[in-house]
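Chemist: Protein sequences appear in the order of chains Y and S. The numbering of the first sequence is numbering that gives the first Met the number 0, which starts it at 0 and goes up by one. The numbering of the second sequence is numbering that gives the first Met the number 0, which starts it at 0 and goes up by one.
Incorrect hints may have been included.
Stated by the list, open to error - Derived Cβ-Cβ restraints for the label pairs, each shown as a range: (1) 42/S with 210/Y: 31 to 37 Å; (2) 146/S with 52/Y: 34 to 40 Å; (3) 43/Y with 168/S: 41 to 47 Å; (4) 47/Y with 13/S: 34 to 40 Å; (5) 47/Y with 244/S: 31 to 37 Å; (6) 42/S with 320/Y: 49 to 55 Å.
Hints are computed from structural coordinates only; laboratory data are not their basis. All residues carry an ideal CB built from backbone N, CA and C; glycine is no exception.
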Amino acid sequence: MLEALEGSQAIARAVALCRPGVVAAYPITPQTHIVENLSKLVADGRLETELVSVESEFSAASVALGASAAGSRAYTASSSQGILLMAEVLFNISGMRLPVVLTCANRALGAPINIWNDHADSMAVRDCGWIQLHCANNQEAVDTSIQAFRIAEATELPVMVCVDGFVLTHTLETLEMPDQKLVDAYLPPFRFSRMLDPKHPLSLGTLVGPEYFAETRQAHHRALLDSVGAILEADRAWQAATGRSCGGLLTVEGPEDARIGVLAMGSLVSTFEEAMEVLPGRKKAKLIKLRAFRPFPDEALRHVCEGLTDLVVVDRAISTGFGGVLGGEVRSALLEMKKAPKVHNVALGLGGRDVPMEMWPRLLAVPKEVEGFRILDLDPAKLEPADL
Amino acid sequence: MTEPASLRSRQPRFRGLEAGHRACQGCGEALAARLVTESAGPDVILTNATGCLEVFTTPWPQSAWRVPWLHSLFENSAAIASGVEAALKAQGRRTKVIAMGGDGGTFDIGFQALSGMLERMHNVLYVCYDNEAYMNTGIQRSSSTPHAAMTTTSPPGKNRMGKRHMKKDLLSIIAAHHVPYAASASVAYPQDLRRKVRRAMEIEGPTFLLVHSPCPLGWGHDGTLSIEIARLGVQTGLFPLIELERGEVASVMPIRNPVPVVEYLKRQGRFRHLFSDGDHRAREEREHLQALADYNIERYGLKGDGDDPLDTDGADTVRRGGPART
Ligand SMILES: Cc1ncc(C[n+]2csc(CCOP(=O)(O)OP(=O)(O)O)c2C)c(N)n1
Ligand code: SF4
Ligand SMILES: [Mg+2]
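Let the sequences and hints guide you as you build the complete structure.
Modeler: Okay, structure coming up:
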């Protein structure tokens, strides 16, 4: 059934459909509506879960860690400073191979404090060993949230579902909420192989010295690389059940013979899709939607870049002193191609700066304008000349 | 053979923490953890903050724990315990959760998570093994380090006499959460410690136990003296053994004959600078510490009246047929 729902409300309901045993989250804009909606679902008796009203994001993630280790399906959500406060725990959750699911309502990082959308938060923890999936719209946010539990539990890896703050979390969209029966069939009850249980006492989180540490990292790395299979499987099974796919690892659209490609993540993809539909000059380029940022799908990426001469990689975050993280990673992935497209890296929409459809033609001109990296939507009038 | 020793060895006794771990000889924390898990029994799940106990019990691929055990970070033992407890509740399991941490992981960096756990009324027993410094990282001061004690970050010198600040009164802060039960205990009084663990285990809700646990390495004494020094800690009044119910003092272990604090101080290297000849500051600090002990005795009414089988001299006397307690 189609419903008009706010992104956060839809995500909260999708999470509820997954019957999490334990939920813990702490308010922070623009994630707050998710924890509020979950609280209301619990208050109204529509969600039976242990809702732990923690005193910080640090404890939210820690509660999810403990709950997962004790064998319950565990969920948390946060954003920006909250993600950074969780950072230490995030590495722990993945290092212990606990299948926690987290929604990251992507937001800029301070200082200066800024509550609006960019990808600085999830990028700052890109090496935390989690699967990171980005959503282009709220239907994908709903569908990916449910898929996330299936992927996490199949791989014993935590999954971070990235949704653009405000642009998605606070926007009303008409979307399809799956029904409970469908989700129950898609997502069997959670059984954790290493559950804390006095009948089979295990020690989890032990000290590992130099003689074993590299091997734990290799195993974790291998698991993340192999999670590609689980991500594709979860999306295929979802498509079989609902008729909808979120695009697996990545998707490409646009004319076959286009020589320019634009690669983006998150809601920018929807903006550019719309632009390709309605603006003149739309036939010129391919649009690559990167859904999986971790594991980084370099092979699939090389495949869709065959035949391109130029690729514009749009970052919504900046690694100061380097440039765009996504740009750098794409560039290194494409190095292995015989005829790799030239990569032009731009950042857009930092700290919530609006990215209108009109940005699309500008992007198509980037190959002639940008070597290396540039923040494309700067207003030079607001900068000291020396800072340009 | 019915030698008493072999009879004892054949007695079924549950051990949550096995021998063979890598603690220093005479480690109070190892002893305390053994006593706590022994009294709590097998139907528990433990969480452990980073610190000596975590490190010396679980060098992969070995573990000294016979009960399920979870370590995550230095500052989140209470929060992961909250998560474990929430999960058990969701699953309808009745296993008791025990969170453990050192004084650093409890008084300092994990304090917020602990306060949150108490406020939310999780059914968790939190045990703090108080050895009064960050031992795992090489003896740095914590907010539990006694006033004037020497650590590597509170060294004495021309301008300092060891730690400048007071030992944080954590139990009073715990009491302010109005939890059903909180207590202090000492490895020098194992019967008392066991009883307090069992008491806490029976309570549905958050409970807290602060266990004074000498660290021969950090306190600067021989490993064979741990119990003696812990006992002096109690007998001087520096580490009062009390029980709190809903924030009110419910009982104390009376001190039969209060011992002057110098008897406690002079046995430990961490207070050595308080005995340097002719340094008036040393005498002042000794007096200061005596005043703190006197204050504790006064505040909690620790001065017993007459011999009591449960006072500081009676409580560790082993009697035929067990301790004289119902
Ligand atoms: C966030 C963080 N900061 C610092 C450390 C380093 N560290 C590990 S254990 C420890 C001290 C532990 O002291 P305490 O809790 O008193 O336990 P003890 O070793 O004395 O038993 C410190 C400082 C850490 N692991 N994590
Ligand atoms: S340093 Fe102290 S606390 Fe750590 S193992 Fe040795 S005696 Fe125990
Ligand atoms: Mg300590």
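Chemist: Does each hint hold? Answer for all of them.
Modeler: Comparing the hints with the structure gives:
1. 42/S with 210/Y: 31 to 37 Å: holds (34 Å)
2. 146/S with 52/Y: 34 to 40 Å: Between residue 146/S and residue 52/Y, where Cβ atoms are some 37 Å apart, the hint holds.
3. 43/Y with 168/S: 41 to 47 Å: holds (43 Å)
4. 47/Y with 13/S: 34 to 40 Å: holds (35 Å)
5. 47/Y with 244/S: 31 to 37 Å: holds (33 Å)
6. 42/S with 320/Y: 49 to 55 Å: Because 54 Å falls inside the window, the suggested range holds.
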